[in-house]
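S.K.: Listed below are the residues making up each chain.
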Amino acid sequence: MHGEKFERGAFFDVDGTLVSTNVVHAYAHYVFNRGTFFGIARRVLEGLAMAPIYAIADTYNRKVFNELFYRAYEGLSEDRLIELADDLNDKVLAPAIYPGARDIIDECRRAGCKIIFCTGAIDITMKPLAKLLGADDLIANSLQFVEGFATGKVIPPIVEGAHKARRIRDYCIEHGLKLDLSHAYSDSMSDYPMLAVVGRPTAVNADAALRRTARAYEWPLLDLR
Amino acid sequence: MRPLDHLRKSYDEDSQVVLQDKDSPPRMLFSGEQILLEEVPVGTRIIFPNPPVEPLANVRAAIRFALNHPEESEPLHAKLTPGMKVLIAIDDISLPLPPMRTPDVRQLILEIVLQLCADSGVDDVHLMVANALHRRMTDAEMERMVGSKIFAAYHPDHYTNHDAEEPGGIVELGVTEVGERVRISKRATDADLVIYLNVNFVPMDGGHKSVGTGLTDYLGLRAHHTPHAIRASKSYMEPKHSALHSSVDRIGKIIDEHVDVFHIETALNNRMFDGPMGFLGKREEDFGEMDRAALGAMRFMLDRAPRELRRKIFHSVPAAYGVIAVAAGKTEPTHAKILEACQRQCFVKVKGQADILIAGIPFISPYNVNSILNPLLVQVMANGYFFNMNRGTPLIKEGGTLIVTHPCSDEFDPVQHPSYIEFFHRLLPETRDALVLHKKYEEEFARNPSYVHLYRKGNAYHGAHPFYMWYWGENGRQHMGQVIAVGTDNTHVPELLGWERADTLAEAIDMARGRQGRTANISLMHHPPMVMTDVTE
Chain A
1 MHGEKFERGA FFDVDGTLVS TNVVHAYAHY VFNRGTFFGI ARRVLEGLAM APIYAIADTY
61 NRKVFNELFY RAYEGLSEDR LIELADDLND KVLAPAIYPG ARDIIDECRR AGCKIIFCTG
121 AIDITMKPLA KLLGADDLIA NSLQFVEGFA TGKVIPPIVE GAHKARRIRD YCIEHGLKLD
181 LSHAYSDSMS DYPMLAVVGR PTAVNADAAL RRTARAYEWP LLDLR
Chain B
1 MRPLDHLRKS YDEDSQVVLQ DKDSPPRMLF SGEQILLEEV PVGTRIIFPN PPVEPLANVR
61 AAIRFALNHP EESEPLHAKL TPGMKVLIAI DDISLPLPPM RTPDVRQLIL EIVLQLCADS
121 GVDDVHLMVA NALHRRMTDA EMERMVGSKI FAAYHPDHYT NHDAEEPGGI VELGVTEVGE
181 RVRISKRATD ADLVIYLNVN FVPMDGGHKS VGTGLTDYLG LRAHHTPHAI RASKSYMEPK
241 HSALHSSVDR IGKIIDEHVD VFHIETALNN RMFDGPMGFL GKREEDFGEM DRAALGAMRF
301 MLDRAPRELR RKIFHSVPAA YGVIAVAAGK TEPTHAKILE ACQRQCFVKV KGQADILIAG
361 IPFISPYNVN SILNPLLVQV MANGYFFNMN RGTPLIKEGG TLIVTHPCSD EFDPVQHPSY
421 IEFFHRLLPE TRDALVLHKK YEEEFARNPS YVHLYRKGNA YHGAHPFYMW YWGENGRQHM
481 GQVIAVGTDN THVPELLGWE RADTLAEAID MARGRQGRTA NISLMHHPPM VMTDVTE
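Protein chains in written order, with my numbering: chain A, 1 to 225; chain B, 1 to 537.
Fair warning: there could be bad hints in the mix.
[To be verified] No more than 30 Å apart at the CA atoms, straight line, and that leaves these computed lysine-lysine pairs for DSS-like:
| hint | chain 1 | residue 1 | chain 2 | residue 2 |
| --- | --- | --- | --- | --- |
| 1 | A | K5 | A | K63 |
| 2 | A | K91 | B | K440 |
| 3 | A | K178 | B | K439 |
| 4 | A | K178 | B | K457 |
| 5 | B | K457 | A | K127 |
| 6 | B | K457 | A | K5 |
| 7 | A | K5 | B | K85 |
| 8 | B | K457 | A | K131 |
[Stated by the list, open to error] Negatives, chain A to chain B, calculated, CB over 10 Å:
| hint | residue |
| --- | --- |
| 9 | N22 |
| 10 | L45 |
| 11 | E46 |
| 12 | L48 |
| 13 | G75 |
| 14 | D79 |
| 15 | E107 |
| 16 | K131 |
| 17 | A162 |
| 18 | L179 |
| 19 | M189 |
| 20 | A196 |
| 21 | T202 |
| 22 | L221 |
| 23 | L222 |
Derived from the structure by calculation, the hints contain no laboratory data.
We put the beta carbon where it would ideally sit given N, CA and C, even for glycine.
So here's chain A without its partners, still in its complex pose (with noise of 0.2 Å):
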């Protein structure tokens, strides 16, 4: 985006990391502003019956919960969807960014770094968020979408754990950066992959298992909450 020559790249989960709310704030946006009354009634039920299978999901498999999560989506229009993403965007993720992540994202472009979001959301509601924090590129999941509608499928491969660690990897051949000078910055132990993959992994606000796994790696910890 910036056009610039860059030879290390800095990946950044965002839900989490960079802002406080994750991929249920989103969805439960777009929900709420469906439209109509049976339609939001409709969806906040199945959402609520869901949860526990969520939940247990979220807890086991970050994967497996991706793709059961984005199955609440069928139905969405497309259109609908990059319509409320600004308003999303403005309400919900702006004012959920974390104190500190301006700062590290503006150190990591001092460094010379291009700054690349690499998350589990979708990449309609991430885009604006990238453009408000500079991000030069995103790594999003993306939906399916067949004639505007989405199928409530994720277009493989769904990016999360062992597969963000591929797709940085391929996305650093792919624009000349080196893994090994690169920075990855996740708050999840589902991300070790994606942390382990480049040469300076650095965990923020990370949880008591990330934390023990920083510890036993060296790997610098940040809290920018």
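Following the hints, position chain B against chain A.
M.R.: Coordinates of chain B only, in the frame set by chain A:
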């Protein structure tokens, strides 16, 4: 080991150098947060620090006198004009060690200087800790240093840490005749007057080093914080034998062309311990019954307390330092006056070098106040500070053996020393060559955004700082033939540092004699308080 009640006086009280005799007592040696009591061979030369120089009776009066009778400058009140902008830069928590009892001398000076500013109609005053690439001081530490009234009046907007990574926060004033970049804080260049408050604890401190390093950034420090500068320094505790100081003097002269600097320097005595811990500052020969009981009790407690608690105990006891000199005015003459007082306190005359030198490494260094003396800092104490505590001729002969007592635990503080961890475990296994480390990795660490962020927003040393710690030991590494660490709790830390290890002091002395010969002469530096040597032939 003989029991403590055999301790008795058998030495010349005027001399700081005592030869260990058959009847001499065992010697206290710090080993991190523990105190060893060790027999040393007969004939070992024990070098004690000078007794504390008598402190000034009225420090406030001495400060006022210095401000009114400055060196080669107008009195401070004559330099202050209504509406002017003043920056007061202050030495950080790395001085003195341990932190001194309150009120800190910096508070005493500030109370007088700020009153002078107010009386002169100077309202635009900013206080800044000159921490360079050191960690930011915490709010509590900043409050302790200047007192609660000044803290409440100036913090957080007008009492801050220097930020060497602030975008647009550093101004380049020029380049010296040998190409050193002169870069200091924009706050200093924007000010009509910079007042620098210094605490001189060792002769390395003060003078042009204060503004030139305390308020600069990574690019500014690259002029002299290099393995080349340290290799070219016979001792960085004696400015005239220090390439580091020659560099900061050149830089200081350029700063003086652009910035009006009024220096206030102070020198402290070495009264590190008093009260119940006063025995730590005594010779073992001078111990009374109470001292023996206190030492016994302390060793009993330290042997049983967990390391964290031991550390907390030592770090919570402030030192009873007394101010022995105050001077103010132009940087060079002011510093010369204070340097003389500092050297009078620190240096002990010693005849001839040692083949084997023994030193106990304590719990503290300038870089771990309220934190852990990690392996890299143990290294800087041994190869760096202890080796350099001389006036140009090292106490230890070339190729000699240094024996240090410290557990060398593989323990780091991720809050204060995050980049040290990577340096120690990723870089040292690859090479110990300071020139290679400097060329290949220093900039990468210095520019690592995570380390920059932790320096700017947390309380971490800058990413380049572990390199400086390694360079600081460079002339010691080049000079000494062998370093043996006694009582280490692991084998890999000494190995990574390039040291040998021994379980006991006796074993280490045998190892050293195996290398230096059976007739090798042995000296022991009796720290703390700190002792520096003026070695003559």
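S.K.: Against chain B, does A/N22 hold up as non-interface, every C-beta pair farther apart than 10 Å?
M.R.: holds, 23 Å
S.K.: Take the C-alpha atoms of A/K178 and B/K439, compute the straight-line distance between them, and say whether it is at most 30 Å.
M.R.: Answer holds: A/K178 to B/K439 is near 19 Å, not above 30 Å.
S.K.: Tell me if the straight-line CA distance from A/K5 to A/K63 falls inside 30 Å.
M.R.: violated, 33 Å
S.K.: Checking the smallest CB distance to chain B, is A/L45 really beyond 10 Å?
M.R.: A/L45 is indeed farther than 10 Å from all Cβ atoms of chain B, at 44 Å.
S.K.: Verify this label for me: A/T202 is non-interface relative to chain B, using a Cβ-Cβ cutoff of 10 Å.
M.R.: Contrary to the label, A/T202 does not stay out of reach of chain B, its closest Cβ about 4 Å off (not over 10 Å).
S.K.: Would you say A/E46 is clear of chain B, with no C-beta pair closer than or equal to 10 Å?
M.R.: holds, 41 Å
S.K.: Are all beta-carbon distances from A/G75 to chain B longer than 10 Å?
M.R.: holds, 42 Å
S.K.: Does the claim that A/A162 lies outside the interface with chain B hold up, using a Cβ gap greater than 10 Å?
M.R.: With a cut-off of 10 Å, A/A162 remains clear of chain B, as the shortest Cβ separation is near 23 Å.
S.K.: Holds or violated: are the alpha carbons of A/K91 and B/K440 at most 30 Å from each other?
M.R.: violated, 46 Å
S.K.: Non-interface claim for A/L222: all C-beta distances to chain B beyond 10 Å?
M.R.: violated, 6 Å
S.K.: Does the structure keep A/K5 and B/K85 at a Cα separation of 30 Å or less?
M.R.: It is violated: about 43 Å lies between the C-alpha atoms, which goes past 30 Å.
S.K.: Does B/K457 pair with A/K131 here, judged by a C-alpha cut-off of 30 Å?
M.R.: holds, 24 Å
Violated hints, in rising order: 1, 2, 7, 15, 21, 22 and 23; the structure is consistent with all others.
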